[in-house]
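Sequence order for the protein chains is A and B.
Heads up: the first sequence is residues 0 to 451, going by numbering that gives the first Met the number 0.
Heads up: the second sequence is residues 0 to 99, going by numbering that gives the first Met the number 0.
Hints listed in this document are in silico derivations from the structure and should not be mistaken for laboratory results.
Bear in mind the structure is a predicted one, so any value in this text is a computation, not a measurement.
Beta carbons are placed, not taken as given, at the ideal position from N, Cα and C, and that holds for glycine.
Be careful, since some hints might not be right.
List time: in silico DSS-like cross-link candidates among lysine-lysine, alpha-carbon distance up to 27 Å [unchecked claim]:
id : chain 1 : residue 1 : chain 2 : residue 2
1  : B       : K59       : A       : K361
2  : A       : K361      : B       : K12
3  : A       : K361      : B       : K44
Short, incomplete list of chain A residues facing chain B, as computed with Cβ under 8 Å [said to hold, decoys possible]:
id : residue
4  : T40
5  : G43
6  : G136
7  : D255
8  : P256
9  : G344
10 : S347
11 : A425
12 : F429
13 : Y432
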Amino acid sequence: MKTEIRYLSLCGMLGYGYAPASLENALKGGLDFIGVDAGSTDPGPYYLGSGNGFAKPLQVRRDLGLALKPALDLKIPLIIGSAGGSGARPHVDKTLGILRDIAAEQGLRFRVAVIYSDIDREYLKRVAAEKRIRPCGGAPEFNPDCIGRLVNPVAQFGTAPIIEALKTGADVVLSGRCCDTAVFAAYPVMRGFPAGLALHAAKIAECGALCARPVGANDSLAVCLRQDSFTVEPPNPARKCTPDSVAAHSLYEQPDPHCFYEPEGEVDLRNCVFVQSGARAVTVSGSELRPAEKPCTKLEGAILRGYRAITIAGIRDPAAIASLDEIERGVRFAVRESASFVREGDYSLRFLRYGLDAVTGKNEAPAALPGEVGLLIEAVAPSQEQADALLGLARAKALHQGFPGRKATAGNLAFPCSPSDFQCGAVYDFALYHLADLTPGFEMKLLSIPEA
Amino acid sequence: MRLYDLASVCRSKNAGPFQLTIDLMFRTRSDYDRAMAAGNFTAEKIASLYRVDPRSVAVKPFERILTIKVVIPRNAPSGAPEDADVYGSQQHFPLGNLEV
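Assemble the whole structure, with the sequences as input and the hints as a guide.
Shown next as structure tokens:
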């Protein structure tokens, strides 16, 4: 029976980078596996909807390219979670392509277990009809009418599918959407370590060296898990963990600092003890899992809202700055009059006035008028062509819109770029960000790279 | 004194696409106590600042590290066309203006 498990979290998000020395130092200490989480909903629903990764392929290739060979040499698994950020099939397959590129470049041979977490729309309809879907984290009630339009619906599974993948003996586990903790808790749970400690350690590890000081989502964290405690230490000697820095991590992006929820159950942190154990290491004990009575899985899915075009311009003229409401009214009126190519109600125009009230909007009373204002005009419409045309109308009108007391009658806007308008492509909403009392199915395939 | 000036860390961030979490950390026990005791540091007041339902606002003290966590709904979901702060990392105002 193993008494401890040592692992490395490469960085807080696959593609964010890490110091090569962090990996080298951690390898010297001996490792049972290397993990890296790629998942995040933070950059918004676009990435899930579009199938594009949030981190760019070159970033991902760099981060995996350094770690893959040492993992293969040591015969320890490399576990990648929520591939491509959103973890739907297109994201997983793009990451698989990157693994193939690295293999070709470095002459590596390995076996990869690929796990897809996409969910079937017909199954989702049945679950919705049985009223088993409820909002998660402040989301509105789920509208089953949107299921037909859902793009890339995925289930965020826990440790179980990754354990199955590890049991195949694969060198690399490439997982679709999964809980961040599953990447790092699967191996210890498989080996019989307490799930509460394993999940808490994983929760800290998935952010890389974010729990260290100086903070570093772009650096590695080494974890040593035992039956009664775990120790975290950044392998980069420029960073250190303190009891407070590790305890404070349980606040990050979490609604409750005293507990967190995973498919395995509720992890209670109220009895946690954080102790300095070495110059840069902290040992944690007391984290407990209260196993879930019913299965509970988070589902994610996007729907297309339209297409976006924007322009950015500066305004210096004080009379124009004082008349921004008036200018906006005039532009909206003129666009409505001329935009015969799109139905009113099918498009939206937005004016964001940086320097005045763009960031906190109506929640704060605007301060005294600034010397300059940055104006972002945005059009969202059912097609890119319509969004481009709407923005063209709005931009031209905003440039020349009159208002009482206007002195700068040649133009209201300073454009920093030619062309002044930018196509931003598709815009999505998280239509599915809900919990369901189901144990998600998954699809796993075992591949040899390079293929025989 | 403004809450922003009293706190050593005053930050906001998404807690999922539909909620924001605002973390307030304090240097000393007395700073933490001063914020906790401030009469206007209530869910109702915060809800009115952010134009949201008071029942959807939570104030969660985390005494061990002299931190208070505030959770509020977003005015628009992260990354939706109505949103202007995808990561929610600049929404610690107007809360930072509260007199404590």
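Against the structure, the hints come out as follows:
1. K59(B) - K361(A): holds (26 Å)
2. K361(A) - K12(B): holds (19 Å)
3. K361(A) - K44(B): holds (16 Å)
4. T40: holds (6 Å)
5. G43: holds (2 Å)
6. G136: holds (4 Å)
7. D255: Hint holds; D255(A) Cβ to chain B Cβ min 6 Å, cut 8 Å.
8. P256: At about 4 Å, which falls below the 8 Å cut-off, the nearest Cβ of chain B leaves the hint on P256(A) intact, so it holds.
9. G344: At about 14 Å, which exceeds the 8 Å cut-off, the nearest Cβ of chain B leaves the hint on G344(A) violated.
10. S347: holds (6 Å)
11. A425: violated (11 Å)
12. F429: holds (5 Å)
13. Y432: The hint holds - Y432(A) has a Cβ within 8 Å of chain B, the shortest such distance being about 6 Å.
Hint compliance for this structure: hints 9, 11 are broken, all remaining hints hold.
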